[in-house]
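Student: Sequence:
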Amino acid sequence: MFGIGIWSTIVLATGVLSVLAMFAYMATGHGVRGDEEAARDFYDEHGHWPDQTPEEAEAEREEAQKWARAQTSTADPDGVV
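Residue numbering for the sequence shown follows full-length UniProt numbering, starting at 1 and increasing by one per position.
Hints were generated in silico from the structure; no laboratory data involved. Careful, some of the hints might be misleading.
Pairwise CB distance ranges, derived in the manner of DEER restraints [unchecked claim]: (1) 34 / 76: 36 to 42 Å; (2) 10 / 33: 46 to 52 Å; (3) 12 / 67: 54 to 60 Å; (4) 17 / 52: 40 to 46 Å; (5) 7 / 29: 55 to 61 Å.
Treat the numbers as computed from the prediction; the structure is a model and nothing was measured. Virtual Cβ for every residue (Gly too), placed ideally from N, Cα, C.
Model the full structure from these sequences, guided by the hints.
Tutor: See the structure below:
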């Protein structure tokens, strides 16, 4: 009987600590959101991401434009591509 009380106390304490740890984790998770917002503001102002050089950004835009101009298949009146 005495052993069950100890195990119940250990399980209860573990549960309480787990819930407190989850609350602490959720409360501190907004720093990532702030970092993302700062990176987006930097992109809006400079035209490239903070960890990207202007040359890399230009090459990425050129590659995207190349794919945007790629030929696409169209179906004939019978629906054959």
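Student: If a hint holds in the structure, say so; if it does not, say that too.
Tutor: These are the hints, each one checked on the structure:
1. Between residue 34 and residue 76 the CB atoms are about 54 Å apart, so this pair departs from the stated range of 36 to 42 Å.
2. For the hinted restraint 46 to 52 Å between residue 10 and residue 33, the CB-CB distance of approximately 36 Å leaves it violated.
3. Roughly 58 Å separates the CB atoms of residue 12 and residue 67, a value that falls within the hinted 54 to 60 Å.
4. Residue 17 and residue 52 have their C-beta atoms about 42 Å apart, which keeps the hinted 40 to 46 Å range intact.
5. Distance hint check for residue 7 and residue 29: the Cβ-Cβ separation is about 33 Å, which falls outside the suggested range of 55 to 61 Å.
In the structure shown, a violation is registered for the earlier hints numbered 1, 2, 5, in ascending order.
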